[in-house]
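Asks: Residue numbers (my numbering), protein chains in the order written: chain A, 1 to 652; chain B, 1 to 652.
Calculated from the structure, these hints are not laboratory results. It cannot be assumed that every hint is accurate.
[Said to hold, decoys possible] Ranges of calculated distance between the beta carbons of each label pair, as one might list FRET restraints: (1) Trp-612(A) with Ala-161(B): 15 to 25 Å; (2) Glu-645(A) with Ala-161(B): 49 to 59 Å; (3) Glu-267(A) with Arg-196(B): 25 to 35 Å; (4) Asn-168(A) with Asn-271(B): 25 to 35 Å; (5) Leu-235(B) with Trp-612(A): 50 to 60 Å; (6) Glu-132(B) with Glu-275(A): 43 to 53 Å.
[Unchecked claim] Here are the simulated DSS-like cross-link-like pairs (lysine-lysine), alpha carbons at most 30 Å apart as the crow flies: (7) Lys-55(B) with Lys-263(A); (8) Lys-187(B) with Lys-263(A); (9) Lys-187(A) with Lys-263(B); (10) Lys-55(A) with Lys-187(A); (11) Lys-55(B) with Lys-187(B); (12) Lys-184(A) with Lys-263(B).
[Stated by the list, open to error] Chain A is faced by these chain B residues, among others (derived, beta-carbon under 7 Å): (13) His-141; (14) Leu-142; (15) Asp-143; (16) Ala-145; (17) Gln-146; (18) Val-153; (19) Glu-154; (20) Asn-177; (21) Ile-313; (22) Glu-337; (23) Gly-339.
Even for Gly, the Cβ is constructed at its ideal location relative to N, Cα and C.
Protein chains: 2
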Amino acid sequence: MSQIPAQHYRIVFQPSGRNGAVAAGISILEAARQLGVGIEALCGGQEICGKCLVKVEQGSFPKFNVVSSLEHASPLSIQEQRWLERRNFGAEMRLACAARVQGDLLVSVPAASQAQKQVVRKTASEKIFDLEPAVRLVCLHLDPAQMDDRSDVERVSAELAQRFALENVEFDLPVINALPAAIKQGKGDLTLTIWRERQIIRVQGGAYDRPLGLAVDVGTTTIAAYLCDLRTGELLATAAGMNPQVSFGDDIMSRISFAVENKDGVERLHNAVIEAVSALGQQAAQEIGVDAVEIVDCTLVGNSVMHHLLLGINPGPLGQIPFTPVVGSSLDLRAAELGLRFNPGARVHVLPLEAGYVGADNVGVILAEAPHRQDEITLIVDVGTNGELVLGNRERLVCTSSPTGPAFEGAQITNGMRAAAGAIERVRIDPQSLDLRYKVIGSDLWSDTAPAGSLAVRGICGSGILEAVAEMFAAGIILPNGRMNKNCASARLTRLPNGQNAFVLAAAEETLSGEPVVLTQADVRAVQLAKAALFTAAQFLMKELGVDHVDRVLLAGAFGSYLDQRRAMQIGMIPDCDLERVSAVGNAAGDGARIALLNVSERREAQRLARWAEHVTTPLEGEFQQEFVAALAFPHASLQFPHVEQYLPEKA
Amino acid sequence: MSQIPAQHYRIVFQPSGRNGAVAAGISILEAARQLGVGIEALCGGQEICGKCLVKVEQGSFPKFNVVSSLEHASPLSIQEQRWLERRNFGAEMRLACAARVQGDLLVSVPAASQAQKQVVRKTASEKIFDLEPAVRLVCLHLDPAQMDDRSDVERVSAELAQRFALENVEFDLPVINALPAAIKQGKGDLTLTIWRERQIIRVQGGAYDRPLGLAVDVGTTTIAAYLCDLRTGELLATAAGMNPQVSFGDDIMSRISFAVENKDGVERLHNAVIEAVSALGQQAAQEIGVDAVEIVDCTLVGNSVMHHLLLGINPGPLGQIPFTPVVGSSLDLRAAELGLRFNPGARVHVLPLEAGYVGADNVGVILAEAPHRQDEITLIVDVGTNGELVLGNRERLVCTSSPTGPAFEGAQITNGMRAAAGAIERVRIDPQSLDLRYKVIGSDLWSDTAPAGSLAVRGICGSGILEAVAEMFAAGIILPNGRMNKNCASARLTRLPNGQNAFVLAAAEETLSGEPVVLTQADVRAVQLAKAALFTAAQFLMKELGVDHVDRVLLAGAFGSYLDQRRAMQIGMIPDCDLERVSAVGNAAGDGARIALLNVSERREAQRLARWAEHVTTPLEGEFQQEFVAALAFPHASLQFPHVEQYLPEKA
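If we strip away everything but chain A, and leave its shape as in the complex, we get (with noise of 0.2 Å):
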């Protein structure tokens, strides 16, 4: 059959289709090495993990000229033949390190098999990148103690510089105190969680073979937490909530006045933030069914001072000229020393501030979205309640931050409310019926096609409000100055008893509680502050870069729901563009985090571009004073916006 000499076999690995001879009586696993086919061994070919789990294919398969039978690979090991009994798998199935080559084989290997796992983002700039996670899982097995043995510790470390060429690795003092249990819990049978090749931080006794990572977004507003398989790089759940600091101030200038006025100010809200965190990281555990103790690594975003107060650091200095952070550059920690109750030995990746108000959350987005790897300019605006742009290409990227306020976060709205189900999140007003239909989050009808009274309206989230406010600008609801148009035929406008106008989004009987969900006057205020803020931070980066226009325009933040284009540009929240080269991308920020979370080479590249972006600080007065003033109104007080133009109600 086969023309190698006679001490080689051939075999095919599917479905890469690498193929070469091999000496005969090497493990299935060696062979994969040799031709260059990634397979998982988390134990280090000891038979314990059965992540090297394969298929021996059977029959002749001329195209790689071979017959593959199941008698080509050597008869089971007691060991394999229990691990794959109690898992119910056919006699096809084999431990490819078990498992050796006497004869020609074709060898399937499973997709959770395959090893050098590559994750696919899915945003507007697709993008692929390696699985390089700081922390993964060793598998091992220790024989019982001898009289001259050395202690736990070093035979364990015999077994990592033996089996995994693992030297000089340091044990976190819990690990060692957990070391004698472990052994005897799993027989022998160790899984070591590794941070950095240098450091054990966890031991179990058994095999294991899911470390989770929490990536982290910690908005003025809103936290958002992403849990991931460190392993696979799948993103298993999603957890967000409101930031409990809010109750101590709503944006970042009074959280900082809370943290200097009162003796336990910057205690009360490093607790708070910190009690939040491992909150959503135990609800995101939860939810695929397990505890916050699997929570093995951590990274986190912020704006600077969100930041700050994480590292239970005095963010004093961030509120006076000159701006100086305390720290700035990337830092690694243990979860415990921040008060994370996530696994006791978990480390914690703090991605690195640009400048005094240009955040680690910045520099998430730069990463997620890459426009220093492109050659058009990019404008990214990530939309929060202290809202960070970045503006520019390959040869410089300049950025901002704008007090935003937390419109579009749905706080100090109304009838505000975080992105969840029950939301408004879409808005359509007729500009000649004038009538109005909405989606809320968690159904999939339009208010207008389902049965009355089943949306259980809540309230309304960021993007609902923005197109609400868009919408009822488009048919003449509010005029360009923001106030609600009296000579308007809407049955929905009306006043409330606080004397204040209010435009109608669902009656009593469409709620929840059976009070109607209403867009005040005062919500059309601050969605105007909030998008001149934006829209003025925006020219002045397009003017530090001296450009005219922009490329292209990503929209960033945690809305849940992603932010509608064109509304957004209709209301003059961002600079005229080709509506075709506007895309809301999503949490960008928390994307970023989720990078550093898989990827370490992503934690030095983020190091890097954080010194590299230049920090311009937005003038407070002057010039950019009347800017904003001219950028309050509908879409603005003197630019055009030709790309939307056909969007917007006829000049009156």
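Position chain B against the provided structure of chain A, taking the given hints into account.
Replies: Same frame as chain A, now just chain B:
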């Protein structure tokens, strides 16, 4: 005057005599560097620390062909002048970093300003080693931050890289937190405490120059702590106390039992010893007028059980076959991880174990006495509740442990006490007249010359107990089998109310309590058991090494007072040896801890020695048991001791 080209001047440094031509205008500090003269410069030449204080000599020095004068150095800088005036130094004293060479100079470098200090240990094997501590101080100055400056941490990092060539130094989180206040308090002057040239563990505003370290020997019964100046190597204070674990069990086996049999046993034992070590650190610090917060580095030695309990590790495995320790290699930890109340950033280095029952204390003994650097066969007997013995030379070292019991530490002895004021430490009995005299710690007078009652005896410590038994045996008051001799005419022999025979060392009127201080028959039995255990273990090691005699014997132990070598041999505690080759070396384990505290190369050497020395397990039955019984007699049931024959009582 000088034959050197005009732009160079001749400079001479004393006391080294090093001299040469240097370029005009360079600082005296730079000149010293060029000529290989080590001058301290904590602040890297910023006129802050004052460590580089030197004296400019005046007059003609023909030997060096130099005429030196104050004018040959540049005028005082404002900062230098302020520094010198505040300390009332005369015009001839200069900061070497500030004063520039403007003519020929002869400069004297005071001892305090000399770098590269060496430490001389004053023990039998006098040893000089370089000072190479794990922790050192660095002083630097930060100018006020500007608008475009990076963070405080990055500004400090830049200074460290530029002035001290320290790259990639990381900061403990609490240091980051404390940075803004320290910068403010020191008006930009900072003192950083750096561990292993790579981690900042403390920051202080202003200039400081005395980093403190604590070397601790944790014995089963006694804990000894040594407070050192890490910059000079000087021993500043010593503190010793009982190990409070004594209340949970007298020896290591009973400590293990307590740990294993009680739910919170490990925790209680751990907390007790940590509390005691913290308290001794505080006590030693207070002795020199500072607080334990000044302690920034610590080394710990102890037998294997003490070692595990210090780390909070269950010592259970040490109590059962195969006696495998959980961890044996040396460990670098944060003091706070163990609960030690030193500086919050203080580090701890735990010396390695040799094996299940030969601990880090024995590694300390080897480090201090260096038998592995000798040709002669050395026996080191470290007398403690858990005695440890080492035998060998540069070819091979064998070691073992021996359950001595606490008799030589004054515990479980009727009037036994720790070596402290009021303890009888020396005893002499005239073999003819049977007259007895003693000396107590705290007085230079023997009891027969001190005014009656002035010594206020409180009890008897280990060295006193050994001498009392040896003298009583030599005088025939106790018989070779250990029994009190009924036929002896001493009036000091008495019978206690409980029916036990006893010997009065100090009468009621000589003691503080008004009760006599005695040695009972049971006390003598405890000494017999202890000395027989040590002797048999020594015999066993000699057999293992294949030698029938030893060239020298070192007696070590944390007694406070040195053990009397002749009397130790007289009672058969150590093998026969030329008395001139028997030395008492004090607490060698503590000396080893001190060496490791002051020199990181010696820490590596300790790790190597722990692996190289061979551990042999003393058998617990058969031949060994018989030899133990024979060794119970004074000096021994069958062996001869030619070197102390003359001091032994005539055979009956």
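Asks: Now, for every hint given, state plainly whether the structure supports it.
Replies: Status of each hint after checking the structure:
no.	hint	verdict
1	Trp-612(A) with Ala-161(B): 15 to 25 Å	holds, 19 Å
2	Glu-645(A) with Ala-161(B): 49 to 59 Å	holds, 56 Å
3	Glu-267(A) with Arg-196(B): 25 to 35 Å	holds, 31 Å
4	Asn-168(A) with Asn-271(B): 25 to 35 Å	holds, 32 Å
5	Leu-235(B) with Trp-612(A): 50 to 60 Å	holds, 51 Å
6	Glu-132(B) with Glu-275(A): 43 to 53 Å	holds, 45 Å
7	Lys-55(B) with Lys-263(A)	violated, 49 Å
8	Lys-187(B) with Lys-263(A)	holds, 24 Å
9	Lys-187(A) with Lys-263(B)	holds, 24 Å
10	Lys-55(A) with Lys-187(A)	holds, 28 Å
11	Lys-55(B) with Lys-187(B)	holds, 29 Å
12	Lys-184(A) with Lys-263(B)	holds, 19 Å
13	His-141	violated, 16 Å
14	Leu-142	violated, 11 Å
15	Asp-143	violated, 12 Å
16	Ala-145	holds, 4 Å
17	Gln-146	holds, 6 Å
18	Val-153	holds, 4 Å
19	Glu-154	holds, 6 Å
20	Asn-177	holds, 5 Å
21	Ile-313	holds, 5 Å
22	Glu-337	holds, 6 Å
23	Gly-339	violated, 11 Å
Of the numbered hints stated above, those contradicted by the structure are hints 7, 13, 14, 15 and 23, listed in ascending order.
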